[in-house]
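> Sequence:
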Amino acid sequence: MADYEAMKALHESLPPFKPIINVALLPYLAFILLSSIFALGFYFTTLPKSTVPTREIPVAVLASVLGGFGVVALFCSVGVYV
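The letter at position 46 of the sequence shown is residue 48 when you use my numbering, and the numbering goes up by one with no holes.
Incorrect hints may appear among the rest.
[As the list claims (entries may be wrong)] The following label-pair restraints were derived from C-beta to C-beta distances:
#, residue 1, residue 2, range
1, V80, P55, 33 to 39 Å
2, T47, E14, 33 to 39 Å
3, K10, F44, 51 to 57 Å
4, G81, V61, 28 to 34 Å
5, L49, S15, 29 to 35 Å
6, H13, A41, 41 to 47 Å
Think of the hints as simulated: they come from the structure by calculation, not from any bench.
Where is the CB? At the ideal position from N, CA and C, for every residue including glycine.
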């Protein structure tokens, strides 16, 4: 029982969790990240297609990463904390 009391005292002495990014900024962050997907999508539709996609692969990876973080920010902004 002493271990429980020690852990309880330690838990109560710790400061509360505070996220790095303010929760009020999440909708704006989600909008910026998700709109960047469409901006990067125009890269594929406006440029001529090449046989070796050396320039297209980094753009696709960047769009995928921004889209992933944008969806997480969107979920968190509407209350689905993932």
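> State the violated hints by number, sorted upward, taking the hints as numbered earlier in the document.
2 and 5
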